[in-house]
Amino acid sequence: MQTTLEPTTSFEVTEKGFYGHFGGAFIPEMLYPNVEELRQNYLQIIADPAFQAEFWQLLEDYVGRPTPLFLAKRLSEKIGATIYLKREDLCHTGAHKVNNTIGQMLVAQRLGKKRIVAETGAGQHGVATATVCALMGLECIVYMGSIDMERQKPNVDRMRMLGATVIPATSGSQTLKDATNEAMRHWINNPVDTHYIIGSVVGPHPYPDMVARFQSVISQEIKKQLLVKTGSENPDYVVACVGGGSNAAGAFFHYLNEPSVRLVAAEAAGQGVTSGHSAATTALGKPGVLHGSRTILMQTEDGQVIEPYSISAGLDYPGIGPLHAHLFDSGRGDFYAITDDEALQAGFELSKLEGIIPALESAHALAALSKMGLKQTDVVVVCLSGRGDKDLSTYSKYL
Amino acid sequence: MTQELTQNRIIELFTQKSERLLNVYFTAGFPELADTITVLRGLQEAGVDIVEIGMPYSDPVADGETIQQSNGKALHNGMSLKTLFAQLAGCRSEITVPILLMGYINPVLQFGVENFCQKCQEVGVDGVILPDLPLDLFLTEYAPTFREYGILNVNLITPQTSESRIRHIDAESDGFIYMVSSASITGSVKGVTGPMKAYFERIQAMNLRNPRLIGFGINNHETFDTASQYANGAIVGSAFIRHLEEKGTSAESIRAFVQTIRA
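Chains as they are written, first to last, in the numbering used here: chain A, 1 to 399; chain C, 1001 to 1263.
Calculated directly from the structure, the hints in this document are not laboratory data.
Small disclaimer: the values here were computed from a predicted structure and weren't measured.
From the three backbone atoms N, C-alpha and C, an ideal C-beta is built for every residue, glycine too.
It is possible that some hints are incorrect.
[Unchecked claim] Each pair of labels, with its calculated beta carbon distance range:
| hint | chain 1 | residue 1 | chain 2 | residue 2 | range |
| --- | --- | --- | --- | --- | --- |
| 1 | A | 52 | C | 1076 | 45 to 53 Å |
| 2 | A | 341 | C | 1032 | 36 to 44 Å |
| 3 | A | 40 | C | 1207 | 24 to 32 Å |
| 4 | A | 20 | C | 1144 | 20 to 28 Å |
[To be verified] Residues on chain C that point at chain A, a partial pick, calculated with CB under 10 Å:
| hint | residue |
| --- | --- |
| 5 | 1037 |
| 6 | 1038 |
| 7 | 1058 |
| 8 | 1065 |
| 9 | 1082 |
Please model the entire structure based on the sequences and the hints provided.
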């Protein structure tokens, strides 16, 4: 289903990379040439018909797009609304992340890069990156927090099997934030031939915009599929989990300028928003700069980044993408804080009701449904961002 | 150059001395919280030309392991910008060496940029290095405030910085330009290589209006000597942090370190 990646909304990023008060490119000079090279070229590269053809072909033949929009009847009955699941868990590699890695890989190739570096939290982005590197024959280095390497071991093995070098990030909380720091450092040390594939809508401009464009295939498909199923492109709600927020950015993208569609973001509250073990950024954060952009950030009064916590390795990030910060700040998005327990319960519930084991990340989005005050007539699309195989060891502790 | 900046200690320094300047970095509140002034005094007594005090940050992406660990330790010790300014208050009665603060933008933003500049002026800080504050943002949003309080903003260039951007940075800088020796984070480079020398020569030939100090990978007499042949001097960071960790903060130990660099 070839189409374009053009922005359609007033939430479009500015030339300097800002969404409202958030965004920008706060980077050391060592990264300036790389980021500037990307900024000056990404729009032309992805608008090129040859790029578009290759991108859409790979999404169709390799990723398996379009992914289904599934009417979850038993879940709908339970919740008391019409619930559709956008099945990103059925993408090759098991999550939406591959939409972006394919896009960035093709950009990297056109910039003449020989090596790819990436960070990963849950391992889904690392696997998606390792996969496209294998596909294209590029060297792949993935940084992953050493704690995440333990709790997401199957993904570590997958990356290694795909030929990637997985390097543990041992600083700080040894999770996604630190893996991102290490990947940025690697890029600083290897500026000429390396492209850094950021896995979420975070980082310096143009990453948040570029990643959102590659993920916008999700909302583009939802519109077409929902029209066929319901006669309207627009649901009442689109729900997605937000760590950095790439699946949410993709699910929201073509609805950003449709005010009748409420955009709902589920953040990880961990053991509870006020427990001191949380990653509920909008509830706990305030404006600050991390990893190259101004966003909402969990930080101390002195501006030191607070270590986040979530049972879901993909959501324990202390910030959110600048687009999401703008959605929160402007009131366009509704943000819910979902605890570990609520997410686990929602994960078990979907497994039993629909025969789909969701990733713990996606389970956070599902858990938001019972908090939204839904009416029987409401049509809701939940972005089921990934599958739960990687989380079995966590789920099994609660069986 | 504004009137305030003509009285800036860094600018004064470069008008008096143009060769073999040694700038030494250390992290505030490291190894112990109360060590900031001890180390500063030690470096002055040992005869360094500029002291760069690190404002510790939880996520220092342009720094390597050594400096990150010292940042972590300092934060664990309880260091903050508020504490640092309290420690530096009154130090100008005995400290005459120019002082730079080096750190990342987020703690400064939370402190408040104007408040920060005002405090810098109050305690006698001459300039700052904020690697993740982009030059264009600095110029559009913060330059007037920095100028009002007479605080220099030192900018970096790297081997990958284009000639036109170097010219732009040179035009917009006062004090000196921080030449990052190679594509790297701090503390990760060993020695001065051929390509580094070619880059040093290229920059030397550009005849920039600002003096230049070379940093990253300067860790002994040989590297300091080589850097000094191509620039006005050099900056030592990680090597000094390691020294403080291993040999302590006594004046004698600091003097010994500085002597090995200067030899």
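Quick rundown of the hints versus the structure:
no.: 1; hint: A:52 to C:1076: 45 to 53 Å; verdict: holds, 51 Å
no.: 2; hint: A:341 to C:1032: 36 to 44 Å; verdict: holds, 42 Å
no.: 3; hint: A:40 to C:1207: 24 to 32 Å; verdict: holds, 28 Å
no.: 4; hint: A:20 to C:1144: 20 to 28 Å; verdict: holds, 24 Å
no.: 5; hint: 1037; verdict: violated, 20 Å
no.: 6; hint: 1038; verdict: violated, 22 Å
no.: 7; hint: 1058; verdict: holds, 4 Å
no.: 8; hint: 1065; verdict: holds, 8 Å
no.: 9; hint: 1082; verdict: holds, 7 Å
When held up to the earlier numbered hints, the structure conflicts with 5, 6 and fits the remainder.
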